[in-house]
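**Student:** Residues per chain are reported as follows:
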Amino acid sequence: MLEVKNITVAYGSDTVVKDVSFAVKPGEVIGIVGESGSGKSTVLKSILGLLDSRGKVLGGEILLNGENLLGFTSGRMRQIRGKEIAMVFQHPELSLDPVWPVGRSFYESIRVHREITKKEAAVQGRKLLEALELGEPDKILSSYPFELSGGMCQRAAIAIAMANRPGILLADEPTSALDVTVQKQVIETMMQMRKEFSASILIVSHNIGVIAKMADFVGVMRRGQMVEWGTKEEVLYSPEHDYTKALIRAVPKMGGELPAAAEEVGHG
Amino acid sequence: MIKFLARKTGMLILIFIGITFLSFCLTYLSPSNPAEIKLNKTGVPPTEELLEQTREEMGLNRPLLVRYGDWLFDMMKGDMGTSIRNGKPVVSELKKALPQTAALTLVSMAAVLLISIPFGVLCARFKDGPFDIAVRFVTYLFASLPSFFLALVFLYLFSVKLGWFPVIAPKGIRGIIMPALVLALTLSAWYIRQVRTIVLDELSKEYIAGSRARGVPEREILFSHVLRNAMLPITTLVGVSLAGMLGGTTIVENVFSWPGLGQLAMEAITARDYPVIQGYVVWMALIFLLVNFLVDLSYGWIDPKVRR
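Protein chains in written order, with full-length UniProt numbering: chain A, 1 to 268; chain B, 1 to 308.
One chain only, chain B, in its complex shape:
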């Protein structure tokens, strides 16, 4: 286990350096000029001389590797620089957006699992029955709707027409319901189909026939055998989704004005706010690595073949 952890950690560090360096290069190659943006923000007309001076101040004239090394070193100390856009430290910007996105992610993912596991299992259990066909039709519909469309429909229905929720989401429970619901519904449509397939696959396995031959009741076969075995592929799915959602669900966050990472990233990209973009990439890389690590660990817990 220690060897497994050591190898995983080594891999994590390597991948982390790779991702951040690549993104560092990409922003470096980008044609727009951060010094110019900074000067424009302060209202100073950018002359050649002033530009050069600002570049020097910002350290933009040094070699790429040196700049990357500096940035990495500072980041280790918890300093990711300051936003070009508003002069605030990148770390505090991220810290502000992070809990918002984390809350949205956790609430939606919980809803997705609560919706999709029972529906997926029931569809598989009564495959090709009226319930299965109806659910498949609805999930097909929701899976093909873009999330922003559903978000707009929700806004129109629940905020404008019924007035249940404010158009601009406040923080807290009242604000999270609509964005979480939109996320959960679109994702559930896909999850129900996945869970259905996974459960059908399990049901066709020989140990199910074996359990039936031993006289195990159908209900128990479904709950203590099938669901238990389906945990492994479902965990993999959840891992992938969590990693993606923790990076901020840009579209839904923007439609509902939810002040999460997706919105922060969107604003940073529009304003060519490199330090913030860079900080965002670091977070994305970290979260992907961390979630994958946790998924790997959970395999050890779920699958005896990995454990032994």
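Only chain A is shown next, with the shape it has when bound in the complex:
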């Protein structure tokens, strides 16, 4: 279980996350919505300790199964990344090494956490891709990121992130750079992973449709603060905060009802 308790994060003198708290319980999908610059991606980066050199967590705790990650050494933090908590990014083809075939990245992400031969890694990669029904697993593993379509690459990146069976998957705008038609596939891939490995997912997006489709609990962030939190039904169907109402109103093709909008994944 991952608990974020009252964290405050600043870049230099600029406080971008203020006193944010929430919990990710096993098997749950948590969605955080908010416009760009609201601090939601910063929350994800803080959890993995991946803030750039100017960023600093000023206060609060990030507890993984009761242990505060903020107190971990960089060496210990490295063992958490990719093994206990994995992450997928907005641009899959940029988040993988451009001169490495996908299979090599897959092998690397296992190898840095436990001993494994290339062969074994290839077998596991193939199995995982087969389970995800991604077409020709061998071809995907031997392809370079630029050779795959955006959707295919993101699904491969999700498979790489799940290579070590982490309990928690962080997803930073995983569908925002993709075509509407493939967004659905990526969402399905993530949901399949959750089912297969009973992982919990923390997804951050400005796309309410994606959140509505996936999340059990929803948080709404604005200017670094969590302005609303609750179950998906509470937040999306009977929002209390004006900002949440405005966000939901901004989803196009609503037809006055959210369920319709929720089905229209990708309009955001």
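To be clear, the hints were calculated from the coordinates, so they are not data collected in a lab.
All clues stand as given, with none of them false.
Covered stretches of chain A, going by a simulated chain B footprint (3 or more residues, C-beta under 8 angstroms): (1) 77-86; (2) 91-99; (3) 105-114.
Just so we're clear, the structure is a prediction, and the values are computed from it rather than from any experiment.
Every residue, glycine too, gets a C-beta built ideally from N, C-alpha and C.
Once you have looked at the hints, place chain B on chain A.
**Tutor:** Quick look at chain B alone, frame taken from chain A:
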């Protein structure tokens, strides 16, 4: 790949003809008279009649294109004419200077890479730290010093004061150290800054954050990801430098009396020794084309986007 090679080769031939023809024209347009130089060398006073006769003998009275065609044809057979200055075949003059310059180039370039890659990477890794600031200061200093100045300082220090090396460089390992060091130091100053920028650029890319998120240790990120990706821009730099250096590093070769191409070219230009100048230009053109060709080929090897 065959199509790529065929197109490249076709381009090479065209560019080669263009460069050599242009340089042929330039020497043709130059005001000094080769026939006169030749006569002066032999000590014969150049009368009008004798000049005309010599011009005829040297083929200087024929049309430009014919002369260029002849020269090109002879060159294909390995005959670049004879030096006006000392009557030796141009090819043998070039052959004598070439290994000297090639050795100097390879030794200095190896030193440049050995110095600049670790320093550049460390500067980028510890950006704005004391190491980075100190190295940047020193590289700034060396980059702004002209190479002949550094060469003179070295001569004074290591040859005159300490007597470690002779003032006039002998051939071989003992002679190559000082000129190579001067070349390597001035070039490294520039390379360290370039490598630093390239590595910083790579470090800011998203796949680095991706690798960190997968738990890859920093050391591995630097060596197996960043350096691997930095190979492409670094190769381009090395290609440009190699092409330039293989043409002879005139100043350093002259200061250290290193009998390479730079010195040969310098002497040929001073003496208006057209066949040698022409031969030198051909070599320069060839080396530029060849190095660029090799760099292009290496892209195919380094960058999967080019390969596929």
